[in-house]
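Enquirer: Each chain, letter by letter, is given below.
Protein chains: 2
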Amino acid sequence: MRKYLLLFFVVIGMWSCTGKSAESVHPPLFAEELARTQVQIDGFMEQGFEVPTPKDMAGGYTHEVHKQNWKTLQGAAALYRHTGEERYAEFVRDILLEYAAVYRSWPIHPTDRSYATGKIFWQCLNDANWLVYVSLAYNDIYDWLDEATRKKLNEELFRPMADFLSVENPQFFNRIHNHSTWGNAAVGMIGLVMDDDELVQRALYGIPVDQLPDDLRDDDAGLIKSETGRAGFLAQLDLSFSPDGYFTEGPYYLRYALSPFLLFGRLLADKRPDINVLEYRDGILGKAIYGMLSQAGPQGDFFPLNDSQKGMSVYAPEVVKAVDYGYFYYGKDPELLSIAARQGSVTLDAAGLAVAAAIDADKAQPFRPASVAYTDGPEGTEGGVGVLRADGVDGQTSTLVMKYSAQGMGHGHFDKLAYSFYNETGEVIQDYGAARWVNIDQKGGGRYLEENNSWAKQSVAHNTLVIGGTSHYNGDIRIGEKFHPDRYAFVADDAGLQLISAKANNVYPGRELHRSQWLLADPAFAQPLLIDVFRSKGSVAATHDLPTWYHGQLLQTNFPYVTRNTLVSLGEKHGYQHLWTEASARPDTNVLRINFFNEGVFYTQSSVARPGDEMLFVRLGANDPEFNLRRDQAFIHRRPGVSTTTFVSVLETHGDYDPREEVARDPYGHVTEVSLLVDSEAYTAISFKHENGTTWRLLLANQDATGNANHELTINGTAYRWSGVHHLIKID
Amino acid sequence: MRKYLLLFFVVIGMWSCTGKSAESVHPPLFAEELARTQVQIDGFMEQGFEVPTPKDMAGGYTHEVHKQNWKTLQGAAALYRHTGEERYAEFVRDILLEYAAVYRSWPIHPTDRSYATGKIFWQCLNDANWLVYVSLAYNDIYDWLDEATRKKLNEELFRPMADFLSVENPQFFNRIHNHSTWGNAAVGMIGLVMDDDELVQRALYGIPVDQLPDDLRDDDAGLIKSETGRAGFLAQLDLSFSPDGYFTEGPYYLRYALSPFLLFGRLLADKRPDINVLEYRDGILGKAIYGMLSQAGPQGDFFPLNDSQKGMSVYAPEVVKAVDYGYFYYGKDPELLSIAARQGSVTLDAAGLAVAAAIDADKAQPFRPASVAYTDGPEGTEGGVGVLRADGVDGQTSTLVMKYSAQGMGHGHFDKLAYSFYNETGEVIQDYGAARWVNIDQKGGGRYLEENNSWAKQSVAHNTLVIGGTSHYNGDIRIGEKFHPDRYAFVADDAGLQLISAKANNVYPGRELHRSQWLLADPAFAQPLLIDVFRSKGSVAATHDLPTWYHGQLLQTNFPYVTRNTLVSLGEKHGYQHLWTEASARPDTNVLRINFFNEGVFYTQSSVARPGDEMLFVRLGANDPEFNLRRDQAFIHRRPGVSTTTFVSVLETHGDYDPREEVARDPYGHVTEVSLLVDSEAYTAISFKHENGTTWRLLLANQDATGNANHELTINGTAYRWSGVHHLIKID
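Protein chains in written order, with the working numbering: chain V, 30 to 761; chain P, 30 to 761.
Think of the hints as simulated: they come from the structure by calculation, not from any bench. Mixed in with the good hints, there may be bad ones.
The list treats identical chains as interchangeable, and a pair is accepted whether it falls inside one copy or across any two copies.
With a straight-line Cα cutoff of 20 Å, these simulated SDA-like cross-link-like pairs (lysine to any residue) come out [stated by the list, open to error]:
| id | residue 1 | residue 2 |
| --- | --- | --- |
| 1 | K339 | D687 |
| 2 | K339 | E690 |
| 3 | K339 | E628 |
| 4 | K339 | T454 |
| 5 | K511 | E541 |
| 6 | K96 | V692 |
| 7 | K718 | N468 |
| 8 | K96 | D687 |
| 9 | K602 | T592 |
| 10 | K300 | E411 |
| 11 | K100 | N168 |
| 12 | K180 | P136 |
| 13 | K100 | V692 |
| 14 | K84 | E119 |
| 15 | K300 | G424 |
| 16 | K392 | D551 |
| 17 | K96 | F78 |
| 18 | K759 | G525 |
| 19 | K300 | D695 |
| 20 | K392 | G373 |
Model the full structure from these sequences, guided by the hints.
Expert: The structure is reproduced here in structure tokens:
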């Protein structure tokens, strides 16, 4: 990325200083993209193309060649469109004719490993990827081609391929699923290019149900016909996202799933204005774009919710079109330009040109996503994800993510009411992400590893309560898919005190969980405090474990602990089998203070302790026979044998230390007391104190979060009255 | 640092685009430095100053105030010099008068914790720091002061302080030691300012031995008088560095130790040209500057040899003057300018002005240190440190550091013939550095931790052979200080094949060790290969352990290993007590291949195996009762029960993977065979093979490294003849 950043500065610098030269017809970012594409495509043209008979799995030779071909076709066609040089159009035509010559003679791909085996690739999904991108290329040269060649390509390549991906594979085409979205887009896009209304209709509305066999099943053996009764692209738009653009699998998968929506959407906007796809469902495509871009930490890495490979980012190549189309079609938001500038890349179309020109005109503004609560589920009724952002000194932003969404289908984790915490250094309190090294063959062929189930999905891998050593929903997706937590409150209108609160009553049978987290920005603290109140109510006594997966180095605690001479795993199942207990403590103090250091910043968590509480210092890596797990660390606040209890903590972010300067500024936390004052059905009240004497009391109504409800609570003889879900009192 | 980089671009950009404005009298980097200083000093002036009665240890209030005072004085005086504004001179004068009013009334610092307790601070060393910097401030306003004030300050503050730091504390002043260098510089600098020849003479040559008590001892109870018979600044220049500028404690301590040399040196150059200090000992100050800057990885972090806090860097504030003076006094090397530009800071003197002007004139060139072998010891006869640098594709540089230096005094590690390996991602095969969190109070008050002795200094903490589970020199500094390894060969004139080779015959009694490492840059490999041949010759059978402390994630091995269900420490002492054995193997193969991934790059080490060899996968952290150790990892190649043996390995750096793109390029190593063909007293020959069939044979003369010696060796009937220490044959 640094490379791109520098390039960006150099180009912008040259542009700004020298003025636009007479030859420059494009703004720099666009001109650069064109030049880069030209270098690549000229290289491929020199080398010649190949259309090998399909044979290999992903990663194998024929797979990679066909994958490269779609990129080459797309790039060459775009060059023709922008330069008018016919050699590019001829190159595209020749490759397509070669495909047309062999396509119909190819049998189904010999691997036979998918519920919907493709012809070019091992699965229809990849064939659909191919057709989506090649449709764009075909569109670029369509008018240039002579009638006979068009007819040949339409009839011998594209229509057969579109039929193969739809009517010949309805189990792939007719589901509500991101695979089907690719299929719908592929069929619809080629239909738009060829002006084939039947295909467009099929793409938009699916194959009519009465044309399908009754017992057609998907890859999970579910019946295709019984699902929703709806299919096709418009149904995907209706059912794939929540009304505010959240994607139930999380942003990592959204990044992948969004491509066919955007590409077909763009073509539809051009060729079928009657559908008004950009405004469809109140502009759901724009909402999905913003949803994706906002579900990332300050450094642009997506929140690794559910099965996510960490490091995927708003600066990934796949996200370029989301930013450019978001800008072009949804309001010319100057904040998107700063992302585009750092991406250092634009789409080779009108959107990319507009973005590049706007950046050149110095319109870019920093991208500053606000606090936001996303709903989950097509109706927005299945919980969601809340994101709080608060500013501290030195322009630092702290970001809190709380997850109370639905299960997220097969990629969901058992992590209800879990949170993670970020600042300008990146992750501080982390979510593990997936146990998978995507496309790294050495690790299980790049597929999900066994530890994804045994570890990454389990509750103890997340920053949430684990009760009785058992994962949420007993770690059973069939149970998880029946339920979801519910948002209780979201307050973000006061930058000084923001709240996200959610309840989950079915995570453990007969138990009610209620977590509330605040970001408090107060001048007494350099950076916002993260305040956490986690209530658990049940009738059966059980061990409560609350892990905090922190990055960095443990510096100091205010209680003694004992390290172990022999490490054994903490448990046998639900992820505990992967944890070594490095140290443990039975603290004899009211407040447990843990001070740690990460990436130049100090942190202190102060938690309310009860008699009998334990603190476990664990490290990941037990029962990991192939070194698939990272050696991450957590402290687990354990409270044995309680039926109803509440965990309270305050996390301070403070000070800094740079090994180049060796000066530790503000290395100790300032919170001296934390206590739980009241904890009833109706109200919870906590207090904490700064060492300078200032005390805060934070009061929460547990049963009524409406903004205008009036509340009264008497604490130690003082009656507090307020309206709204919470009330903060600062006593200097 | 990013902040500075951006600032740099912005300023350079503004400067380049707008042209120099009429008001600008200074180039941007210098103007910025002045402006930054002015903001700081104006703030301090507004706030007022304080000269508290000394009381606290480092980190405490009075310590920090007096420390800030020297910085404030230096900054304010420099502002007076550059702006001519008298308010700055008055501010300096007033603070100095306040010190003069109380200094003589202060007793020795009440802490009494040092072998040489100071007056302002807890140790004379800090008092000397104060006087060095305040001398510069005093120099700036000396001519502006009236005669009476000068006299008062000279007689009531500076001369008493200089006497205190010298004749009243000869155990501090008269050693050959970096503490004494500070003392010498302080006394000499104030002497130069006050034109006090007696002080200058004392600083340059020390207190005459006949004026010292016979039984005067230093902080290690060594006799001061018996050491070398020499003392003072010129003796320090003669004895602190090797003839090529290596500092026996390593670059981390050199960075600290160099300051008084440079500051007194600069003043001497101005005021006592007769001494010609810049050319003294063939320009030793310049050599030390270059030595320091070259002992860093591609990202600028110093090699953490011996006791070093990692992260200290050529971009540290303390290194600014080394770069500026190196540029100004030693040849105007344009490569130093690129370091200065990234430092984003210059000295507020003629050197800094010259650097800023040269950067502004676009003279900066990338800093590209060459391969180099430093000698150790004042005569250059006590081993040394070798650094090889070789380029691969994409402008990547690989850097190998082999250490065969003397013990390095109290800060030395028992790591003879150890190496570390870097590339553009930073450390790949790492040296642990020190077990210390400098100035982080939570960790043992910021001092060296117990684990520095029990772990960081031990041999197994380094990438070198550990025999019989015992550290080099039995982990005894008294033995270590008697011996040193010797360089055997250093060949860097061929960028394609570079060699560093050293022998150590006293590390283990009766045993000869000989390690040779090559960087081979060959088009068959994207990045240079690191080839390692480590020979051990003895008459007693013992277990040989060769650890490789790698960063990153283990991906795959070509042999099965067994992970442990219970972790216990690998041993009881010499560092082994801190290691958990996570997994182990008894491979049944001729080549042990270990494939790992770090920071976007893949690595494969292929090692020759013998029957009976084991591979241990260890993790640091056992017997670490206060979480002082990082959880670093190594694989240890163990060969039990051998008296004479040789370890051979080839490390490949290959491919890349970015989680934003999810494409693994070139993830597997290409070396398929590695073997030891010949291993005699006279010659060692190895071979290795690329999967494409190309084979390399590498022949080494073990007893004669002279460049013109002729050698002949017959392998499998083929006679090879060559001259020089080594010979490479490539067979396509």
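Enquirer: Evaluate each hint against the coordinates.
Expert: Consistency of the hints with the structure:
Proximity of K339 and D687 under a CA criterion of 20 Å is satisfied inter-copy only: 11 Å between copies versus 26 Å inside one chain copy. In this homomeric assembly, K339 and E690 come within 20 Å of each other (Cα to Cα) only across copies, at 12 Å, whereas the closest approach inside a single copy is 31 Å. In the homo-oligomer, the alpha carbons of K339 and E628 lie at most 20 Å apart both inside one protomer (18 Å) and across protomers (13 Å), since each shortest distance falls under that limit. Taking the closest pair of Cα atoms, K339 and T454 come within 20 Å of each other both inside a single copy (15 Å) and across two copies (18 Å).
For the homomeric pair K511 and E541, the shortest alpha-carbon distance inside one copy (16 Å) is at most 20 Å, but the shortest distance between copies (70 Å) is not. In the homo-oligomer, the alpha carbons of K96 and V692 lie at most 20 Å apart only across protomers (12 Å), although the nearest pairing inside one protomer, at 52 Å, exceeds that limit. For the homomeric pair K718 and N468, neither the shortest alpha-carbon distance inside one copy (50 Å) nor that between copies (27 Å) is at most 20 Å. Taking the shortest alpha-carbon separations for K96 and D687, only the inter-copy value of 18 Å comes in at or below 20 Å, while the best intra-copy value is 45 Å.
For the identical chains of this complex, K602 and T592 are inter-copy neighbours only, at 18 Å across copies versus 23 Å inside a copy, given an alpha-carbon limit of 20 Å. Taking the shortest alpha-carbon separations for K300 and E411, neither the intra-copy value of 35 Å nor the inter-copy value of 80 Å comes in at or below 20 Å. When the C-alpha separation of K100 and N168 is checked against a cutoff of 20 Å, the pair qualifies only within one copy, where the shortest distance is 14 Å, while the shortest distance between copies is 68 Å. For the identical chains of this complex, K180 and P136 are neighbours neither inside a copy (23 Å) nor across copies (102 Å), given an alpha-carbon limit of 20 Å.
When the C-alpha separation of K100 and V692 is checked against a cutoff of 20 Å, the pair qualifies only between copies, where the shortest distance is 14 Å, while the shortest distance within a copy is 51 Å. In this homomeric assembly, K84 and E119 never come within 20 Å of each other (Cα to Cα): the closest approach is 28 Å inside a single copy and 85 Å across copies. Taking the shortest Cα distances, K300 and G424 never come within 20 Å of each other, neither inside one copy (45 Å) nor across copies (47 Å). Taking identical chains as interchangeable, the C-alpha atoms of K392 and D551 are never at most 20 Å apart, the minima being 33 Å within one chain and 48 Å between chains.
In this assembly of identical chains, K96 and F78 lie within 20 Å of each other by CA distance solely inside one copy; the values are 12 Å within and 70 Å between copies. Only within a single protomer do K759 and G525 lie at most 20 Å apart by alpha-carbon distance; the minimum there is 12 Å, versus 69 Å between protomers. For a Cα distance limit of 20 Å, the shortest separation of K300 from D695 qualifies neither inside one copy, at 61 Å, nor across copies, at 42 Å. In this homomeric assembly, K392 and G373 come within 20 Å of each other (Cα to Cα) only inside a single copy, at 16 Å, whereas the closest approach across copies is 28 Å.
Of the hints listed earlier, those the structure fails to meet are numbers 7, 10, 12, 14, 15, 16, 19, in rising order.
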